[in-house]
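Protein chains in written order, with the working numbering: chain X, 1 to 170; chain B, 1 to 279.
Warning: the hint list may mix true and false statements.
[As the list claims (entries may be wrong)] Listed next, with one range per pair, are the computed distances between beta-carbon atoms:
#	chain 1	residue 1	chain 2	residue 2	range
1	B	Pro199	X	Gly136	37 to 43 angstroms
2	X	Leu156	B	Ser239	42 to 48 angstroms
3	X	Thr149	B	Leu77	48 to 54 angstroms
4	X	His30	B	Thr227	17 to 23 angstroms
5	B	Thr68	X	Phe7	45 to 51 angstroms
Simulated from the structure, these hints should not be mistaken for lab results. Nothing here was measured: the structure is a model prediction, and the numbers come from that model. We put the beta carbon where it would ideally sit given N, CA and C, even for glycine.
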Amino acid sequence: MSRGAIFQVIAFFVYLFYQVLILQNVVLFHTAFCFLYILYLLLLPVETNPLILMGIGFLMGFAVDMFYESIGLHAFACVLIMYVRNYWLSSMTPQGGYDSNSTPSMALGGFQWFVIYSLPLVFLHHTILFFMEAGGFRMFWFTLWKIITSTFFTMLVILIAQFLFPSRRR
Amino acid sequence: MERLFYFIYQYRAFFTFVVLEVFCFWLVVENNAYQGAKFFNSSNTVVASLNNFSQSIRDYFLLRDVNTTLAEENAILRRQVEQNNQRVQAFDTLALRDSSLIKRFDFVSAKVVNNHVDQFKNFITINKGRDAGIEAGMAVISPLGVVGKVKLVSNHYGVVTSLLHIDLMVSAVLKRTGHYGSVQWDGHDPGVVKFKYIPRHVNPMVGDSVVTSGFNAIFPEGVMIGTIIDKKLDNEALSYDLSVRLSQDFRKLSYVTIVRSELKQEVDSLEQVVNAMER
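Chain B with its partners taken away, still in its complex shape (with noise of 0.2 angstroms):
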């Protein structure tokens, strides 16, 4: 027994190395799960208001895009607006009474406090969290596209899931000939995106828009992801191989939306009872 010590003790710095790169291991591996470590990472408050700082010089570089933007959307928001009420005057009667759909999906608005492009696995934090009613799953837009999910919030700040993330896949649909399929991104150019899973007999064009399919009940059905930029079909392929340029640059991210779907838990159960019934 006092060999072992008397080993170990002469050892030491070969042993503290061993035991240090597991639990760093442990704690990447931990991380890559769905939710991970709660407290070590930029939602908590220290952390998250150093980027803040951060965030606030950034933001003078990029004003001139937000006010670009947000000018935009009000007028396709006017627009909207307009039409809606023309309707509801014309066929006010047959208005819709259905509350539970009309509010399908509720928005709240977060500042960007800090953002990756350029990892394989990159994470945005934002300054809206649980006291804002967000909760991790939630879906997260910006005018211009989609932009990521929710992973984990703390009181006062968020972290989401970017789309520039190698591991997250979201459910999308070409939109001129509605078929499904999965998007991607590849780790290279943190403007491009893969769309996947579609198949040889559909023609899909460069050009064509990239929106999300309702699929999933997280994302509302129709956001713009991207416009393909680029077709390849190998001769053994089962699908295409295709390039989607991404609507929302994400280098200039610095306001964005986050979706709460009212429904979710109800479709989500509904679900699960299909599930259990065909099992």
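Bound-form chain X, shown alone (with noise of 0.2 angstroms):
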């Protein structure tokens, strides 16, 4: 294994612990949740096969479910967002292209293309969870609050940890 795939595997243990140790706890108002765990999935390489880029996303998805007791769902969007990634990386490509083995981070692109490239997807992945779990659409104006509120939280933490540990390339 090359110290590229170790220090991966290391950083999904990372976010997966701060996310159900931590982050569990935390939510605003009762409505703003916080999955920082996204950015890990997030700032996987850009040339990583699709098919590894699901299998991670199933696996961490279903780690975070086995502690919020709702298998399948958070692999479920997971999985979803894996799949639009490589479509919506290649779809805002910066000018000169992607280098081999870059990350897609701020230090990459720039706040206002790291901004445009995750809140999409975070949205997404915030949008799939709560109405799965809502089961439906009863309940359609309060679980639009929640994915809206919890969008927000999630970027705002995204955003704050990009400042303070801006990844370096690897």
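Hints in hand, dock the two standalone chains.
Given below as structure tokens:
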């Protein structure tokens, strides 16, 4: 295994445990959740094979599910954003294209680029997650409110994390 | 055939995507059924021990509340014991001899390992399981009120469907008037549940207590659920729209009591016989 792969495995568990041990207890006003673990999925190297992407997304989602007692929910949402991710990335290639092995972080494309890259994916993830959990559109507006506040909260924490730990090129 | 394989290979990402999503969806559906996937939940040892660690830190912040509740409960229990003692002394000959009536319910105390209140379908993980005689379907209460119903158990841990689960209904009764209804959470405020099916002719008042009914043989009769804080009655509606403030704050849940109903099987089998006869 290369150094990069080992680093990714360690990062996987760091994000997972940070999510389930700490962020699980952080819910603002009973509506805004923070799912920082998505950042790990968003920051996987650009040229990762979509099959591996979805596999990692599934594993991450499944592990989070076990703690949130909602088997399948997070896994479903994660696999979906992992499938969409590469199409989304290739549709917004910065000038000159991606270098090999670069991570789609703020260091790569700047603040604006990163927000445009991550915000729709986070929103998509939350939309799927909350509507599936509610079991349909029975509580449409309340669920939508939860989705919007959670998206803002998650995005805020993601951006803070990006400023605090700017990812180096590996 | 070759072209088919080539086709599948070419769109392998899409097919993997579909397969994984169908699998996840199946898991979700399976988990929503009354007793879902047996292993992949927070009652398995690895997950539960991690949650245990996390809860042991959270416990420090709850200590004050837990102490107060325990002290109050002790006082109430002591008063009841004293009353019972006096009654036994006064009417010794009339004392209940039917042991099945005395031992109708057995109580097991358990510690909360993991607790959610903010999702639509909340579950509580407790640190007692099959080893302590806990089984799926048992009632879970706390000193202050109803908590939920055991969903599934592993050897050492159990998962409880919280009252804050949009699909769980508990049979309840309006204490003052004696009318029956159902309590169900609407997914909004973790401190408030809805009390349904109280017909128009009843006049519930703000402040009335809502307690469990003895209708299901799971919950003991008369366990507090909460007090009515709001009542609405639409012109066309058949029943009131009542909001009940839960007496147990689910955010501060630390210790719970599992109720083993010794007569549950008997009641169930009797009801089955009656149902079969009616058919």
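Tested hints:
| no. | hint | in the structure |
| --- | --- | --- |
| 1 | B:Pro199 x X:Gly136: 37 to 43 angstroms | 29 angstroms, violated |
| 2 | X:Leu156 x B:Ser239: 42 to 48 angstroms | 43 angstroms, holds |
| 3 | X:Thr149 x B:Leu77: 48 to 54 angstroms | 43 angstroms, violated |
| 4 | X:His30 x B:Thr227: 17 to 23 angstroms | 21 angstroms, holds |
| 5 | B:Thr68 x X:Phe7: 45 to 51 angstroms | 48 angstroms, holds |
Of the numbered hints listed earlier, those contradicted by the structure are 1, 3.
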